[in-house]
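Enquirer: Each chain, letter by letter, is given below.
Number of protein chains: 2
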Amino acid sequence: MSDVVERFAKLGVDAAPGQEAATATDTARWEGLRRGADLVGTPVDFSHGDVNAFAPPPSAIDDFTAGVREGAEQAYTTYKGRPAILEGLAEKLADFTGSPVDPASQLIITPGTQGALFLAVASCIDFGGRVAIVDPDYFANRKIVEFFDATPVYITLDYQDTSRPAALDLRQLEAAFADGVKVFLFSNPNNPTGAVYTESDIAAIAALADRYEVTVIVDQLYSRMLFPGTDFTHLRAAGIGSHRVLTALGPSKTESLSGYRLGAAFGAPELIRRMERLQAIVSLRAAGYNQAVLASWFSEPPGWMEGRIAADQRIRDGLVSTFTAAGMHVRTTEAGSYVYPQLPEMSISVGDFIALLRVQAGVVVTPGSEFTPREDRRVRLNFSQDPDAALAAAGRIVELAQCYGTT
Amino acid sequence: MSDVVERFAKLGVDAAPGQEAATATDTARWEGLRRGADLVGTPVDFSHGDVNAFAPPPSAIDDFTAGVREGAEQAYTTYKGRPAILEGLAEKLADFTGSPVDPASQLIITPGTQGALFLAVASCIDFGGRVAIVDPDYFANRKIVEFFDATPVYITLDYQDTSRPAALDLRQLEAAFADGVKVFLFSNPNNPTGAVYTESDIAAIAALADRYEVTVIVDQLYSRMLFPGTDFTHLRAAGIGSHRVLTALGPSKTESLSGYRLGAAFGAPELIRRMERLQAIVSLRAAGYNQAVLASWFSEPPGWMEGRIAADQRIRDGLVSTFTAAGMHVRTTEAGSYVYPQLPEMSISVGDFIALLRVQAGVVVTPGSEFTPREDRRVRLNFSQDPDAALAAAGRIVELAQCYGTT
Chain A
9 MSDVVERFAK
19 LGVDAAPGQE
29 AATATDTARW
39 EGLRRGADLV
49 GTPVDFSHGD
59 VNAFAPPPSA
69 IDDFTAGVRE
79 GAEQAYTTYK
89 GRPAILEGLA
99 EKLADFTGSP
109 VDPASQLIIT
119 PGTQGALFLA
129 VASCIDFGGR
139 VAIVDPDYFA
149 NRKIVEFFDA
159 TPVYITLDYQ
169 DTSRPAALDL
179 RQLEAAFADG
189 VKVFLFSNPN
199 NPTGAVYTES
209 DIAAIAALAD
219 RYEVTVIVDQ
229 LYSRMLFPGT
239 DFTHLRAAGI
249 GSHRVLTALG
259 PSKTESLSGY
269 RLGAAFGAPE
279 LIRRMERLQA
289 IVSLRAAGYN
299 QAVLASWFSE
309 PPGWMEGRIA
319 ADQRIRDGLV
329 STFTAAGMHV
339 RTTEAGSYVY
349 PQLPEMSISV
359 GDFIALLRVQ
369 AGVVVTPGSE
379 FTPREDRRVR
389 LNFSQDPDAA
399 LAAAGRIVEL
409 AQCYGTT
Chain B
9 MSDVVERFAK
19 LGVDAAPGQE
29 AATATDTARW
39 EGLRRGADLV
49 GTPVDFSHGD
59 VNAFAPPPSA
69 IDDFTAGVRE
79 GAEQAYTTYK
89 GRPAILEGLA
99 EKLADFTGSP
109 VDPASQLIIT
119 PGTQGALFLA
129 VASCIDFGGR
139 VAIVDPDYFA
149 NRKIVEFFDA
159 TPVYITLDYQ
169 DTSRPAALDL
179 RQLEAAFADG
189 VKVFLFSNPN
199 NPTGAVYTES
209 DIAAIAALAD
219 RYEVTVIVDQ
229 LYSRMLFPGT
239 DFTHLRAAGI
249 GSHRVLTALG
259 PSKTESLSGY
269 RLGAAFGAPE
279 LIRRMERLQA
289 IVSLRAAGYN
299 QAVLASWFSE
309 PPGWMEGRIA
319 ADQRIRDGLV
329 STFTAAGMHV
339 RTTEAGSYVY
349 PQLPEMSISV
359 GDFIALLRVQ
369 AGVVVTPGSE
379 FTPREDRRVR
389 LNFSQDPDAA
399 LAAAGRIVEL
409 AQCYGTT
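So the sequence lines, in the order shown, correspond to chains A and B.
In the numbering used here, each number is its position in the first sequence, counted from 1, plus 8.
In the numbering used here, each number is its position in the second sequence, counted from 1, plus 8.
This list has only true hints and no planted wrong ones.
One copy or two, it doesn't matter: identical chains are merged, so the pair holds either way.
Below are the DMTMM-like pairs computed for lysine to aspartate or glutamate, each with C-alpha atoms no more than 25 Å apart in a straight line:
{"hint": "1", "residue 1": "Lys18", "residue 2": "Glu154"}
{"hint": "2", "residue 1": "Lys190", "residue 2": "Glu154"}
{"hint": "3", "residue 1": "Lys18", "residue 2": "Asp134"}
{"hint": "4", "residue 1": "Lys18", "residue 2": "Glu278"}
If you are wondering where the hints come from, they were derived from the structure by calculation, not from laboratory data.
Bound-form chain A, shown alone:
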């Protein structure tokens, strides 16, 4: 029997993206540490993308209001989602990933991609068991595993050498599988580094999962937003048994539809069946009217996605130049909207620096401690922001880090 108090003690939320406003209260401490003047500029919250700078596709609100007008049929869908919407979506997801999706048995609509991840992990985890997750990776992966009294088994992703593709430690992965770990959870593109797994790593994951009969949950939230030169391999189309792979995806990031809380999971029928049962007691369904917004997903106006990627690329390049010029190690994002630069050595902790950055410079970033169990000095920035404001804010990060430097 587990103890609920102990379980929640591990489930921190104060440093999680989007929570900064709720926790910025330790004013006296920061006043004591503070050095130098305020750095004035447009405030930027890099903990998530700015849907004012990158608006949702224009049809979203029209699809929503049409759903409301339609009434009962759209308000009360089955727990997996409205069948007509599942059918349209299955076809698009099959086209996108290069492998079939049966709308009746292989797809569920969820409250955001977060909802898909929670239901997916909860549907294949043994309480008290073990789950392989990547270091570094999305902050919720570890937290979901620990909430179910399970133990994360960390597999290293080497992303530091920017001269070559990021590489998963496949020997660690096989050792974990050989030792009896039956679930593997990872994001591709990797969050927070923006690295994309190579075709050969994805093929190796598929082969190992089949050999050791492991269930793999892959969060491909940013897989539509590939910068030029990036090839993306969909795990579900890489030869892995279709009953053991589940893909999570959603329109919250690239498509700026986060305010609608929509996501999808597709693949392994037995997992989908369990997720439906669990959704019935977790939140019943993704909000019915909101599901109507999925009509325009993967059907954006011509040029919309290309324009989105080109705009993000310019911001990415500006930020990477700024951090590199300041001697801060950073990998150039291959896909998605995150950079994960390393702060220089400073006379204060990373946590205090992040707080002072918010107080003194109006800039919010997410600490690396959300993504890795190791000590490091990295911070994650979502660069889907107003371009000028983002670049100026990156300059303030560099300036404030120098202000608190050890030299």
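We have chain A; now place chain B onto it with these hints.
Expert: Same frame as chain A, but now just chain B:
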């Protein structure tokens, strides 16, 4: 360590409200059992209310689109909900329940009342522990408990004697508490019976919870919709320690806003704190734009709620008369939109009757087996429907039950 397969085997969903369309496939079996002609009439789905018959307050869609126009601030709220919305809502909930609600520490906005219940139970349950729940009660209560490998301890609600108020078996409740059960979960008004707990039963629950240091989660989803002559006692205002009671409420039913998936939980600060942490990994937040719709909750146009109740009361009275005249035992609903009549003895099982009722008469009801672990012949009907269609459908239930009668 628990086994995930075993855990999901208990988590049935096929007979749950709203799932009928997904599971109505066993045609051959019903053709074999079928007796008599089809009963023609407007199809009625009694498994949930009809938002076409009872539309949401007109301002809902305007509040939503204003939220979308506002953009980032409304899209990305903290996990508990947007602070300005929490403040307004806390005041209304305090007024309604007669006990203060601190918006900063005692309130969380959730994806529906279902979301509130799941987070609440998950926040105080020991995996493998025991939770007291009422028999009969809302179907998800048992399922949430069992999903966490915990054991339901059933407390009987006596609602059969329609000449007096329903009564909870307080000796069973005290025995469970004395035996170490530390969590009690119940709905008031009771779902599925429509009974309201007496002031003295609520006072006794409060006193027992305090004496045995039990956490109580009370689902008051239908507590605004009281038919004339019904007094409602809010547990949180009944003298119980404010740190041990959590109330769940939402605008999905009475206010017909189910398509927006909004709910709230308020009370015990430590539970709210845990629920926030858990929401961060379950679905992040109730959909941001949707939260804007809460502005009009408890602020409906003058006369709106009175009109809603009067209309529902007429349907209730029609249904109760129909079932009573046919000799089917039924309690007159005191609050909410459910009746829970008992079917007569029949030559086929209740499950088969429910399937044939759908196939032969176009009427969907929810079996009593969703609400009680005991064998009975009851079915639940949500009577927020088109009045004429509902009354005609009740007639078809009676007629078809007679058609399959034992005599």
